[in-house]
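Participant: Take a look at the letters that make up each chain.
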Amino acid sequence: MNQNETMDREFNFRSWFMDKLLMGMTWPEYLRSLITPFNIIAAAILVVGIPIIATRFIYGLASVTHASYEYPWGLILGWGLFGGVPLSATGFVMATAYYIFGFKRYKPLVRLGVLTGFMGYFFAVVYLLVDLGRPWRIYYPMFVGFGTASVLFLVAWHVATYLTVQFLEFSPAILEWIQARRVYKWATFITIAMTIAGIILSTLHQSALGALFLLAPGKLHPLWYSSYIPHFFLASSIYAALVMVIAVSTLCARFLRHRADRYFLDSLDSLTMGLGKGAVVAMYVYFALKWVGVAHDNNWALLNTPYGHWFLVEVIGFVLVPALIITLGLKANAVPLVRFGAFYAVVGILVNRLNVSIVAFNWNLPDHLHHIIPPWKEVMIVLTLVTIHILVFRWIVSRMPVIRQEETIHETH
Amino acid sequence: MKKRLIILLILVIAVPILTFKVYSEESANLPTVRILSSISNIYEPVKFDHSIHTMYAGNCMTCHHEHPNNANQCKQCHNIDESLFKKTAVGHFIACSSCHAEPDPSNPAMPGLKVAYHRKCFQCHRGMGKIGIDPKGCTELCHAKKGNIKKASIK
Amino acid sequence: MGNRFSRRDFLKTTALVGGSILAGGLKDAFAYKEFKGWTKSYGMLVDLTQCVGCRSCEKACNEVNNLPKPDVPFDDASVFEIERRPTAKAYTVVNRYENPKDKGKPVYRKIQCNHCNEPACFSACPIHAYTKTPEGAVLYDPDKCFGCRYCMIACPFYVPAYDYESALQPKIVKCIFCYPRIKKNMLPACAEACPTGTLTFGKRKDLIKLARKKIMENPDRYIDHIYGEHEVGGTSWLYISGVPFEHLGFPTNLPTKPLIEQVKGFLGAVPVVFTVWPALFGMCYAAVRHRMETKEDKKEKKEERK
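Residue numbers (this note's numbering), protein chains in the order written: chain A, 4 to 416; chain B, 162 to 316; chain C, 1328 to 1633.
Since the hints were derived computationally from the structure, they do not count as laboratory data.
Just so you know, these numbers come straight off a predicted model, no measurement behind them.
Where is the CB? At the ideal position from N, CA and C, for every residue including glycine.
Among the hints, erroneous ones may be present.
As the list claims (entries may be wrong) - Among chain C residues calculated to face chain B with C-beta under 10 Å, some are:
1. ARG1423
2. PRO1427
3. PRO1522
4. PHE1528
With the sequences and hints as input, model every part of the structure.
Facilitator: Below you can see the structure in the form of structure tokens.
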């Protein structure tokens, strides 16, 4: 190998690095571009939060959480796992709509949906790793002991396989980015199989997250404990996916506009209306299903109790009202109203999942509402992980062809 | 006030009479002071004075099993050697430990010796001093902790 | 029942097949396969009317299981001022409750793992870290546990504790029914220590008979309920009391079926989804594709005609 060749390669690598990772900028330019108000706030959060996460791993969970025997799951899982997973149904819903049901119009949003889903699951696992007592044993349900009667066993397997599936689903974007043509062809070839696998795994583990609580009939408030809880979780995850795609695409179009292509930006409004239509139908179905649940267990009398009032706030204030807002937006052809309703509905999903996993759980213990207030360090951990989540997401969308199409390869698709 | 006086009077007269009656019948094998020392590694042995206890209880049946005289022979129901009874006070009663031994999981209805003793004690002693209210109550009245012999007197 | 007792089922099946071949009879092999729980398991009858709160059981448990020193010494009655629960340092604790019948005689209640017949913790664990032994003890293996704490969510009695303090080896802590002692035909330490006869150790089915007899013979002393006979499918530990159980901190809103029954419907749907979904959605895909191809064909034909 002569010197020329080595230099050539070095140069190639450098230009590749600058092109792919620094988005065509030089180091000083890139670093300067990082100084934005958002990044400064994010950095401040990380400076406080990362040491707290380190504390958790050095001194144990007791140093950052309530370390309660009655409340083994707190905000970390309530937010990260139970809140995060339904909002990550985007991948499976968008891929199913596009690849299986042939909604070809939604192409510009498919990758965004898959990436949102993949990142959501990835971070759900990160939250889990922070919360697990011995996270280095995370693979134990796959290799050490098989608790086949356990719903959590199901969740563990499905989240793990689905994470792989989503990675494969998203891999065409990565491969286009690094321009690996051969592997790319293979990756697109398995898309249909992966999508169907995704449907199986998603329906099962979305509902399984609800089914986890079936084992605790004495602890979860009867208005939330229902034999229908797996159905509630699955039904709400479907509309969660649709409103989440609206929310994420809105944010991308607003804050990552320069990374999007015309194709994405021009079609966004009409696609948002389409997603809104789907979401609103799913929301009314879910709303009705919730009342079937109340009727099934004949829990009407409980509605006029403090927890009953809170239940009404959740079901009416955070499901029906956003659904009506979106309906109104659709009727008036007002995209911003649909978007507002979508953000509202995303919050509604979080409210529901936090209600099941935290607010209505152990409702009958003395001083319950006092116990569920998380310590500030736990909140800080959640905030830190949310920040990292956003940063990684932005990093990927900025570089890989997610909301834009790579000119060179997509012709073959 | 009057009631109390009457009760007291009855006690003052009746107890010695009853005691005398029992004693006179049992003159042959008078139950005496027993030293209960099976857990003397932890506690000082308990001195159990039959005479005081029969005085308060007024009879033996409060603590010992007894069947009516027309009951069948012991052996029809129990696995007990009848000769044991003959050695005892009135010929009806035997030492608790003759039957109550270590607890046997295969026969849970039969209390072990420790439980048999305590159940009988607690019939009256629960509520006296701090017994049954404070773990220290046990050491107060009966079980002096080893090397710390300071028995409180009963009120 | 799924695979819950798979190893036993396997052994049983092997034995059955072997046995039937040897004996030449297939009667057992044709019998309905049903697991009715370990019939010879041990249990503990707790007669709450007897307990005087001496905490000997706590002390014995602490010594036998080499647990850390208690926060409050075992002969200090001040512990009763707050309601306690089993912790990462104590398998069992005794609490005091006011006696509505007689203020001078408070009621004491010992709490520990109830060793359910079909434990929710066992059903919850994704790694099979729990075992229900034929003797009745529900055991936990820290070498398998990854610390998800779903067993704590599932336990209807709030029993498992977790040592959150440990960063490297956190584990679930709970009563083991003195399994090593039971194996050696000894009594569990608490039962051996109990001076009052509150704790009676024996075969569970004998204890139920004994409890019934006690309640029948002393209807004034006991309320007519054996807690643990039917709660969540039955527990190895059984309680009889003179005071309604809800006054003594017992959960009284539990189903009589084992908690796994609540989940079986869902688990049963899993294989259905796995087999039906690919067919269903595969067909959808094929149908959509077919429609598009025919559309394209028509277009081409039109173009050809032109």
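Participant: Go through the numbered hints given earlier and state which of them the structure violates, listing their numbers in rising order.
Facilitator: 2
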